[in-house]
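Asks: In case you want the letters, here they are:
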Amino acid sequence: MLDVIQFSSFSEFLHMGGYAFNVWSVYGLFAVFIMANLFLPLRKKQQILKEQKRRLLFSEAADDAQAPAGDK
Amino acid sequence: MWLWFAKLGSPKWFYELSSKWLPWLVGAMAILLSVGVIWGLLFLPPDYQQGYSSRILIVHVAVAGTSLAFFPLMAVAGTITLVWRMKLADMVAKNAAPLGAWFSFITLATGSIWGSVSWGTWWEWTDSRLVSMLFQFFLLLGVISLRSALEDSDKAAKACALLSIVGCINVVIIKYSVEWWNTLHQPSSPVSLSPDSPNGPEFWIATGIMILAVYLFLAVSLILATRNEILVRERQAQWVQDLVRQE
Amino acid sequence: MSAAAIESAHNVPNADSSDGEVLLDIRDLFCERDDRILFQHLNFKLRAGEVLQVHGSNGSGKTTLLRIICGLNDSYQGAIYWQGTEVVEHLEDFYSALLYIGHRVGVSKVLTPVENLRWSCSLQRQRDDAAIYSALATVDLRGFEESQCFTLSAGQQQRVSLARLLLSDARLWILDEPFATLDASGVEQLEGLLSKHANSGGAVLVTTHHQLRVPKLQRLSLG
Amino acid sequence: MSAAAIESAHNVPNADSSDGEVLLDIRDLFCERDDRILFQHLNFKLRAGEVLQVHGSNGSGKTTLLRIICGLNDSYQGAIYWQGTEVVEHLEDFYSALLYIGHRVGVSKVLTPVENLRWSCSLQRQRDDAAIYSALATVDLRGFEESQCFTLSAGQQQRVSLARLLLSDARLWILDEPFATLDASGVEQLEGLLSKHANSGGAVLVTTHHQLRVPKLQRLSLG
Amino acid sequence: MNPTPATSTSAAFLATLRRDFLIAYKRKHDVVNPFMFFVIVVSLFPVGISPDPVKLAEIAAGVIWIAVLLASMLSMDSLYRADFEDGSLEQLLLSPHPLYFMVLAKNISHWLVSGLPVVLISPILAYMLNLPAAAYFTLLLSLLIGTPILSLLGSIAVALTVGLGSRGLILAVITLPMSVPVLIFGTLAVQASVNTMSPAGYLALMLAMLAAAISLGPLASAAALRISVD
Amino acid sequence: MNPTPATSTSAAFLATLRRDFLIAYKRKHDVVNPFMFFVIVVSLFPVGISPDPVKLAEIAAGVIWIAVLLASMLSMDSLYRADFEDGSLEQLLLSPHPLYFMVLAKNISHWLVSGLPVVLISPILAYMLNLPAAAYFTLLLSLLIGTPILSLLGSIAVALTVGLGSRGLILAVITLPMSVPVLIFGTLAVQASVNTMSPAGYLALMLAMLAAAISLGPLASAAALRISVD
Ligand code: HEM
Ligand SMILES: Nc1ncnc2c1ncn2[C@@H]1O[C@H](COP(=O)(O)OP(=O)(O)OP(=O)(O)O)[C@@H](O)[C@H]1O
Ligand SMILES: Nc1ncnc2c1ncn2[C@@H]1O[C@H](COP(=O)(O)OP(=O)(O)OP(=O)(O)O)[C@@H](O)[C@H]1O
Ligand SMILES: [Mg+2]
Ligand SMILES: [Mg+2]
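Residue numbers (the working numbering), protein chains in the order written: chain A, 1 to 72; chain B, 1 to 247; chain C, 1 to 223; chain D, 1 to 223; chain E, 1 to 230; chain F, 1 to 230.
In short, the hints are calculated from the structure, not lab data.
We put the beta carbon where it would ideally sit given N, CA and C, even for glycine.
Treat the hints with care, since some could be wrong.
[As the list claims (entries may be wrong)] Computed footprint of chain F on chain D, listed as stretches where at least three residues anywhere in the stretch have a Cβ under 8 Å from a Cβ of chain F:
{"id": "1", "stretch": "69 to 82"}
{"id": "2", "stretch": "104 to 113"}
{"id": "3", "stretch": "122 to 132"}
{"id": "4", "stretch": "188 to 195"}
Just chain A, with the same shape it has in the complex (with noise of 0.2 Å):
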C-alpha cells in the first residue's frame, strides 16, 4: 500500500484535492511549530554561552587589574 503515490503531477500534489489551503497551512503550521521550539532553544543558548563567555572574561579582567593593584 506504500507504494501508490497519490498524486500523477506537482500541481495536482499542491493542490491537494481542493483542500491546498487547510492541508497546507496545517503542514505549514506544523513545521513552524516544531522548528521553533527546536532552533529557539539552540539560539538561545548560543546567546547564553556568549553573555557567559562575556562575563567570565570580563571578571577575569577585573581580578587581573586588582591583582597588581596589590591588597592581597
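Keeping the supplied structure of chain A fixed, place chains B, C, D, E and F with the ligands upon it in accordance with the hints.
Replies: Okay, now just chains B, C, D, E and F with the ligands, sitting in the frame of chain A:
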C-alpha cells in the same frame, strides 16, 4: 534507587547524560517525523468523505494527544519540587508550561482548520474537546502568567508547582463537566473517523507514527530548553564555567 | 554594656558564658541569594538569659537570617535546633515559644491597638483587656487605644507591636530592627524590656544598627 | 558642632545666626489631626547653609510638618514662603529647588537602581549614566546597579534614594528619617553629605531620632 | 513558659473569625462592593445586549452566574492582602495552631461577609432579568452551594499571588478557568428548573464539589501562603 | 542652583513614558493579563449561556463590549499603585512640570500596553461568538475609539482610590456607571453595522467624547492624585 534519584536531580549529571542521549533522540525524531509527514502528504489515500483534507488529521491528532500530557507532567514535576526540592524538576516544569501552551495552541489551530473543512466552521462551542482544550490552554497561560508575575524565582517555582497540581485535578474536572454539558446541549455530531471506517488501517498507522514522532519532539524540545535553564541557573558552578570557556 | 562579644564573622559568639540552658542552636547554616553567599558555616548557640545582637552592614543578611530561623524562609541549608530538637520536626513547640516582630510589624491598620493586641494574644496566650490596656499605657500609647492604627505615626505603630512583648510569655524573642522608628524614650524602654526578658530566663535575637545598652549582650557579625 | 539650638518647642531656632540668605520661611503654622493640635504658632526660618533637625517623640508631628511644607498635605493653616514668595503661588519654582525623600523612598521595586535614578533625574536635572553609576558606587551599591530593587535589603533601598542627593542640584533637601535603616557607615556618609550640601549654600530639613553630627546644626523640637 | 500553646486551637479559630468580622465591619466598602459590583454588572446586560424581556429571560441564568463568578473572584483580592502588607499574615503563620483552621476561619468570614449578600440579592436581579419564577429557588440554592466553592478556589489563587501589588487580573486569569465546572453545573441546574426538570442531580454534584473544596482548599491555601510569605 | 527646571517638560514627559514602558516590559504579566482576562471572560458566555451560534450572534456585540469594559477597568488597577506604594508618585507630584503631562504620559503608555492588545484580538473573539462579518470593522473601530475613553475615565477613579489596599471592586463600582455611555454608543455602532446601517453617527459621537476625555481626563486625574497622596 535513592542514589539514582538524587543523582538525577543533579543538573550537572542531567546535562551530561542528556548530551549523550540527545543525538539518538533527535535522530529517531527526525526519521519518524519525515516518515510521518511524507507518508501523510504523499501516500495517504483520500478519505471517502473528506477527501485529502483528512491529511490534516494526522498532525492534529498527534499534537492533540501529546498536549494532554503536559498537565500531568507539570504536576509530577511540581510534586517533586515541593517535596524533594529538586531544582531540576522545576527547570523542567518551567519550560514545560510554554511548550504546553504551544502544543495547545497548535491543537486549537489545526483543529480549527480541520473544522473549517469538516464542519464548515472554524469554531464550535458545542464540541467538548474544543472547549476543554481551550480552557486547558487558559490554565497553562495562567501558570505562565503566575511564573512571570512572581519575581522571586524560588517562590515562583513553588507557587507554580502548587498551581500545576491544583490545575491538573481541574483539567480532569473541566474535561468531564464540559463533556457532560455538551451531551445535554445535543452536540452537532461531527463525522467520525473511526478505525473501522472504510479508510482501512493505514490512516491509523500513519497517525501512530506521527504520535510517536511528536512525543519524541516534545522530549527533545524540553530537554534543549532545560539544558539552557541549567546553564543559566548554574552559571556560577565550576563545570558550567569550564564549559563556557571551551565554547 | 559590651559583654564578651566575639566580633569575628561567622563565629560562636558565646564560647565563654556557658551558664544558661541552650535554647536555640544553629548548626552550619548556609544561605545564598542571587548567587551571592550571604553566610556559610554559621554556628551559634543562644542560651537562656542572653541577648544576641546580629549586626552587619546593609544587605549583609540579617533579616534573611532571622526569617530563616523563624521558618519564614526556607532557602537555606543546615539545621536549627530548639531546646535540643530540630525545629522543623516540632514546629508547634517552637512556635508556641516564639515571638517574632519583623520589618512589617504585624499591626492591622484598620483595627485599633487594643483590637490588634487581642488577636495576637489569642494566638498564643489569652490576656484580658486590663492587661492589654496597661501594656499600651506602658509603651506610651495612652489615649490612642481606640484610634485606628492608620492614624498613628510610624513610631507609634512600632510601639503597638512592642506592647506584644509585654503581653506574651514566649521564651524567645526575634526582633528585626525594632528601634528603627522609635524615639529616644522608646529606645530606652525597649532596652529595659530586653534586659528584663533575659534576666527572667528568656532569650532575645535582635538586629539593629544602634549601639545596644543591655547587660550581657552578645554580638554576631555578618558579612 | 552644636549650634545654638533653642530647644523650647514651637520657637524660632536660629535667631542668632543670621548670615545666610533666608530660603524657607514658615509663619504661624497650625495643624490639627483627629482633634489633637500637633503644632500651632510655629514660626521658623531656614537659611542657606543650615541643617535643621526636627525632632520630637513618636507621633509629635514631624512627618506631618515635612509633608505640609512639601505641599503633600494641605490640612494646615499658616503660610510657607520660599525665597520670599509664598510657595502655593510659585509652586514650580519651589519644586524645582526641592528634593524630598519620605518614609517611602520613591524607588520602584521592579526597576534597577540605575533605571530609577535615570527617571528621577529626568524630572529635575538630566544626568548622564556615568554620573549615576558613580553616585551608586559612592553609596556602596557597586555590584547592585543592575539588580531589581526588590532584591535589595531595606537599607540598600534607602541607599538608592540617597544617591539622588548626589545627583540633584536642588537647593532644599527635605528628608524624613533617612537614617532609619542605614548602617553605621551609611550614617556617617549621609552626615557628610548633609554638611557638604549646607556648606555649598544649600539647606536641609531633616527628621531623625539620631544624634546628628553635623556642624552648624539647628534643632527644632515638636510635641 | 510552657511549650504547649496556652490557647486552644478552637479559641484561636474563633478569635481569627472575630477579628476578620471586625475588620469587615470597619471596612464596610469591602462588604458592599462585591454586592454593588454584582448589581452593576448584571444591569450592564440589558444595556449592552438587549432590553427585550424574552431575550433577557434566555440569558438570565448565565448572566447572573457569570456576574457572581466575577464578583466573587474580584472580592477575593482583599482576603489576605492587608494582612500580608502589615505583617499579620506572618504572625498567623507563626502561630502554634494548624494553619488549616486559621485559613478556614478567614475563608468562612470572607464568604459570609462578601459572598452571602450577593447570593441573597440574586432573586431580585433574576426578576429584573425576567428569569422564569420556577427557577428562583434553584438559582438561590445553586449559588448558595456554588459561591463557597468559588471562594475556596479563589483563596488558593489569592494566597499564591499575595505578594503582588495589583493582582485583580492575574487572579481572574488563574481562577476563572478553574471555576468553569461550577459555572456549568450552576447554570445547568437553573436551566433544568426553567425547563421544569429536576435540578437535584446537578446540585448533588455541586455539593460533592463543595465537600472536596472544604477539605482540600484550605490545605492548598495554607501551603500557598507558606510559599508566598517566604 | 537655578530656580527654573533644568529639564524641559517634554523631556520629563518622554522620560516618564519611557519609564512606564520599561516597567511594563519587566512586568510582562501586566500587559498580557488584561488580554487574557478579556479572552477568558468572553469564552465564559457560551459556557454559561448557550453554545448555540444563533443565540451567540445576538449577544456577541454586547458581550464583547462588556468584557472590554471589565478588562479595561481591572487593568487600571496597576496604573498608579506601585508608584504610590514605593513613593514614586510623591516624586511625580513634586516635579516642577505640569502634572497634566505626567499623567497623560502614564495614561498613554498604559493604554498602549494594556488596552490596544485587547482591541486587536477582538475580531477573533467576534468570530468565535459568531458576530456577523459585516460588523467586524465597526467593532474594531468603536473599540479603538472607546477604550482610550475608558482608560482616561478609569484613571480618575484609580487616582481617587490609590491609597486603598484592595480596590478592584471599588474601582469597578465607581467607573462602570460612568462608562455606560461609551458602552451604549459602542454597541449601538456595532448593532447598526449588523443591520447594515451606517455607524458613522455613533462613532462621531464617541470621537467627541474621546476629545473631551483627553483634554479633561488627565486634569481630573492630576487633581485626584493630589488629594489621594495627602
Ligand atoms: C483534547 C484535545 C483534542 C483531542 C485529543 C483531539 C483528538 C482528535 C481525534 C482523535 C480526532 C479523530 C477523529 C475522531 O476520532 O473523532 C479528532 C478530530 C477532530 N478534531 Fe480534534 N482533538 C482535540 C481538540 C480539538 C480542537 C481544539 C479542535 C478545534 C479547534 C478539534 C477539531 C477536530 C475536528 C474538526 C475533528 C474532525 C471531526 C471528527 O472527526 O470528529 N479538535 N480530534
Ligand atoms: N492619617 C491620619 N489621620 C489622622 N491622624 C493622623 C494621621 N496620620 C498621622 N496622624 C496623627 O498625627 C500625629 C503625628 O504623626 P506623624 O506621622 O507626623 O508623627 P511623627 O512625628 O513623624 O512620628 P514618628 O517619629 O513616629 O515618625 C500622630 O499623633 C498621629 O496620630
Ligand atoms: N527577594 C530577594 N531576592 C534575591 N535577593 C534578595 C532578596 N531579598 C534580599 N536579597 C539579598 O539578600 C541580601 C541580604 O538581605 P537582608 O534583607 O537580609 O539584609 P539585611 O542585613 O537585613 O540588611 P538591612 O540592614 O539593609 O536591613 C541582600 O544583599 C539582598 O540583595
Ligand atoms: Mg533588614
Ligand atoms: Mg514620622
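Asks: When I compare C-beta atoms, does the stretch 69 to 82 of chain D have three or more residues closer than 8 Å to chain F?
Replies: holds (count 6)
Asks: Okay, the stretch 188 to 195 of chain D and chain F, do three or more residues pass the C-beta test at under 8 Å?
Replies: Check failed, 0 qualifying residues.
Asks: Just to make sure I understand the rule, a stretch counts as covered if three or more of its residues have a C-beta closer than 8 Å to a C-beta of the chain. Does the stretch 122 to 132 of chain D meet that for chain F?
Replies: holds (count 5)
Asks: Using C-beta distances, would you say chain F covers the stretch 104 to 113 of chain D, given that this needs three or more residues below 8 Å?
Replies: holds (count 8)
Violated hint for the displayed structure: number 4, the only one.
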